[in-house]
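*Asks:* Assemble the complex: chain A is given as a structure, and chain B must be docked to it using the hints.
Protein chains in written order, with my numbering: chain A, 1126 to 1423; chain B, 1126 to 1423.
Simulated from the structure, these hints should not be mistaken for laboratory data. Misleading hints may appear alongside valid ones.
For identical chains, the list gives no copy identity; a pair is met inside one copy or between any two copies.
[Stated by the list, open to error] When the alpha-carbon atoms are kept at most 25 Å apart in a straight line, the in silico DSS-like pairs for lysine-lysine are as follows:
id : residue 1 : residue 2
1  : Lys1325   : Lys1226
2  : Lys1387   : Lys1226
3  : Lys1226   : Lys1340
4  : Lys1374   : Lys1267
5  : Lys1387   : Lys1294
6  : Lys1257   : Lys1294
7  : Lys1294   : Lys1226
8  : Lys1340   : Lys1173
9  : Lys1325   : Lys1173
10 : Lys1340   : Lys1374
11 : Lys1374   : Lys1257
This one's a predicted model, so the numbers in the text were calculated from it and none came from an experiment.
Number of protein chains: 2
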Amino acid sequence: MSTPDFTTWSRETATQVETALTELLPASRIAPARLHDAIRYSTLGGGKRVRAMLVYGAGALTEAPAERLRIAASAVEMIHAYSLIHDDLPCMDDDVLRRGKPTCHVEFDEATALLAGDALQSLAFQLMSEYKLADEPAVQLKMIQLFAAAGGSRGMAGGQAIDLDAVGKTITLPELEFMHILKTGALIRASVLLGTHCGKSLPQPDLDRLDRYAKCVGLAFQVVDDILDEEGDAATLGKTAGKDKAQSKPTYTSLMGLADAKRFSEELLADSLQALSTFGPGASRLREIADFIVHRQR
Amino acid sequence: MSTPDFTTWSRETATQVETALTELLPASRIAPARLHDAIRYSTLGGGKRVRAMLVYGAGALTEAPAERLRIAASAVEMIHAYSLIHDDLPCMDDDVLRRGKPTCHVEFDEATALLAGDALQSLAFQLMSEYKLADEPAVQLKMIQLFAAAGGSRGMAGGQAIDLDAVGKTITLPELEFMHILKTGALIRASVLLGTHCGKSLPQPDLDRLDRYAKCVGLAFQVVDDILDEEGDAATLGKTAGKDKAQSKPTYTSLMGLADAKRFSEELLADSLQALSTFGPGASRLREIADFIVHRQR
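With the rest of the complex left out, here is chain A:
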């Protein structure tokens, strides 16, 4: 059986995750139906599933069972979906368009969107504790711990708080980087580590290398997001383009200029690949994902 190329693999992975989420999320007919509708509306049917790809890519390196990766990838995508629902709310970014369709609070209402996000976070932790994700339960507890830390006040939620606080302010590049390491980087890092821990255990230096890879791709993801937001239009992005500039949010392109931001994204790609240099072919998917993150068009 030949190894599928990256385009095929990423499409198959996205399909697997979509199927998993369809099965794992509560059905719309279960009460409270409107809440479950909102959860499914916002989690299914879209997105690049980059975080899920990272779970699967890291799991390939440690030969992790597919069933474990299915659960971990779904949990990560649930946390991502919850963060987008809350991020789009009027008191946050006040966005009306996401993945080419109305945001959750526009399609439903604000209260339902708030609770859909809250329930998705609970559900992600329920999955992470209900299914077997590691040979040793103690390892699984560690996985839940790093997953929870990635979402918290010194992770994703903290990054969003700093982001909001930065609107209309002049911030420095290190401040911008700190914000993004929390806001986007923490969950991307967790995706890589969760996928890794689903399989054979690795020595600490290898885990450190994967962590460095994850930090680089996490930051690259954000830099490229800023570049695409600067260059793009709503039709390609599936969300409101130029929004950050209009809200005078600090971005890599506004702080560095477009050309330097592009150079920076290439440097981060090179660094991420360098971090994987000792791994051999087991890390091929992770290398391809890094390349995809930096060279994607949306």
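*Replies:* Only chain B this time, still in chain A's reference frame:
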């Protein structure tokens, strides 16, 4: 050493939980400072700590180590605090007063309140996975699973969704009960079971009895809340009184009348004590808590 009476014990327990939360929540000086301020503002300094008492009371029955109960009680109170923050938001109950002080979004802002709730939920799961709560890691995973289920769309968040949907509608007593079993009951039930699992393992029939106890006190808690809301004033309750009626939310008093609601709360108390009848003195605190829940004045 004599056993302290219930008033002393409950005061000591509340103090222990307050100290634990003070230590376990991120310090205000840690970035993002405003988010951590909001988290501490909304979690510390108040509340009856009924859920924490249930954790400790159930732990007394299974001779659970104090350190485990400290963590489990703190995690439960964090989830409770997050639910109150989100429940008070303008898109939900739009309340300005909580525990006698301005609600989180009034004291800070809506976005900060939203993120403070989100981060508190993450932090609760971080605690539950970081500290040792059971002899066997596999038992601890089960604890996290039941804790997550209690907060999710078929637990607390689901109950809130049904509650919102019921505003201004005529609903039946069974529908009201279903709503409260999710909204308040699920986390109260989780508090009892988490406290129990922190100690010696019990046979399934005993766990079922504790579950029945928890369901009765959970429902009693809500019935008494409705009675107090009907009778009380803001000074005693520390929150806006008569609010449910003003929002034409269905309550036990509006559906049953005040006298029948009081009788119902006494029946639930009797049922909860009946469920504990085989347990002996180890369950004394749980009995006292049930009595406190039904006969409290605020």
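*Asks:* For each hint given before, does the structure comply? Return the numbers of the non-compliant ones in rising order.
*Replies:* Numbers 1, 2, 3, 4, 6, 7, 9 and 11 - these are the hints that the structure violates, sorted from lowest upward.
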